[in-house]
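Engineer: Sequence:
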Amino acid sequence: MPSAGRLVKILLGIAISAALLVWLFWNVDLRAVAARLADTRWGWLTVSIALNLVSLWARAVRWRYLFPQRTHPTHLLNAVVIGYMGNNLLPLRAGEVLRVYVLTRRGQRFWTTVTTLVVERALDGLAVGIVLAFVFFLIPTPREVAWAAETFVALVLAMLVVLAAITAAPMPCRILIHSLTYRWPAIDGRLLVIFDSMSDGLQGMRRPAQLLPTAVWSVALWVLIVASVWTCFQAARLDLSVTAALCVIAFIGLGVSLPSSPGFIGVIQAATVLALSFFGIGKADSLGFSLLLHASQFAPVTLWGLLLLVVEHVSLKEVARAGGAPGMTQPGEPS
Numbered sequence: 033m034p035s036a037g038r039l040v041k042i043l044l045g046i047a048i049s050a051a052l053l054v055w056l057f058w059n060v061d062l063r064a065v066a067a068r069l070a071d072t073r074w075g076w077l078t079v080s081i082a083l084n085l086v087s088l089w090a091r092a093v094r095w096r097y098l099f100p101q102r103t104h105p106t107h108l109l110n111a112v113v114i115g116y117m118g119n120n121l122l123p124l125r126a127g128e129v130l131r132v133y134v135l136t137r138r139g140q141r142f143w144t145t146v147t148t149l150v151v152e153r154a155l156d157g158l159a160v161g162i163v164l165a166f167v168f169f170l171i172p173t174p175r176e177v178a179w180a181a182e183t184f185v186a187l188v189l190a191m192l193v194v195l196a197a198i199t200a201a202p203m204p205c206r207i208l209i210h211s212l213t214y215r216w217p218a219i220d221g222r223l224l225v226i227f228d229s230m231s232d233g234l235q236g237m238r239r240p241a242q243l244l245p246t247a248v249w250s251v252a253l254w255v256l257i258v259a260s261v262w263t264c265f266q267a268a269r270l271d272l273s274v275t276a277a278l279c280v281i282a283f284i285g286l287g288v289s290l291p292s293s294p295g296f297i298g299v300i301q302a303a304t305v306l307a308l309s310f311f312g313i314g315k316a317d318s319l320g321f322s323l324l325l326h327a328s329q330f331a332p333v334t335l336w337g338l339l340l341l342v343v344e345h346v347s348l349k350e351v352a353r354a355g356g357a358p359g360m361t362q363p364g365e366p367s
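Each residue of the sequence shown is one higher than the one before, starting from 33 at the first, in the working numbering.
Any given hint could be a false lead.
Label-pair ranges, simulated between beta-carbon atoms [unchecked claim]:
{"hint": "1", "residue 1": "R215", "residue 2": "L85", "range": "25 to 35 Å"}
{"hint": "2", "residue 1": "L69", "residue 2": "A201", "range": "24 to 34 Å"}
{"hint": "3", "residue 1": "L244", "residue 2": "A197", "range": "18 to 28 Å"}
{"hint": "4", "residue 1": "S35", "residue 2": "L244", "range": "41 to 51 Å"}
{"hint": "5", "residue 1": "K41", "residue 2": "L244", "range": "34 to 44 Å"}
Bear in mind the hints are in silico, worked out from the structure with no lab data behind them.
Heads up, the beta-carbon is just placed ideally off N, CA and C, and yes, glycines get one too.
Starting from the given sequences, assemble the full structure and let the hints guide the process.
Structural biologist: Structure below.
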């Protein structure tokens, strides 16, 4: 049974998703939406699905370069896919906990693995922030949307500053933590152990030989994601540019930062409809596209992740137990 705080977060996420779904389907021609879905170009959709799956492989390759050089993590792709499956099916983004769980069962240190995920999310947040800045430079947007984007970028930049400080000057950061907590020895000792593990996990970012491949694979990853969205445009018979694909990705990146039900149901649809409204796409067309995009990314990854649970010998009871741990924030990208 989840704690009261977790239960409140779960119910809040479900309420937000439900409210967005009501707004999306209110006064929309459902027959028109169904007609758009029936007119899908399945060849283009297959390409979109394939590109999304390949982006998970690129994410796993990049993740490898975030680990310290002396470590040799294995089954990274399995962990990534299982993590996305967990985010699709479990509340509070528990898939991040599953990713850590899979790797720690393979011999990786817990806090080192957690640190690599924090760095990964910071890199993703930076990418979304760059895309947001590009989109808002090209497309006039309402002030409330710009404010949300600015808040998101500010949080990501703050995370990057903290990670950069620990990476560049670990000893001064350690001294600072000790100076703030030495009056409470139990807390001080625990925080310093966690800090040392996180600092160790950032060793990969201290080596120039690992920075270049990290950057290259980051670019490759986001090119694949953009291409997946653009080919889904073609599947939905929407004649839209790469800029529109970037806009959809940016708005989804903002949307998935909100509490929601598992799988970001409602949030992804609302973000996509709002993004496409700036390109003159009607609600029926944009809603149909959002359902197509979400389904094409949700179903294959979820099925693949469930199969990999068998490969990794992870039981559903273990999944539920791991899902009971505190979720980690996942700032923004399509799943």
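Engineer: State for each hint whether it applies.
Structural biologist: Right, here's what the structure says about each hint:
no., hint, verdict
1, R215 with L85: 25 to 35 Å, "51 Å, violated"
2, L69 with A201: 24 to 34 Å, "54 Å, violated"
3, L244 with A197: 18 to 28 Å, "22 Å, holds"
4, S35 with L244: 41 to 51 Å, "44 Å, holds"
5, K41 with L244: 34 to 44 Å, "39 Å, holds"
Hints 1 and 2, counting from the list given before, are not met by this structure.
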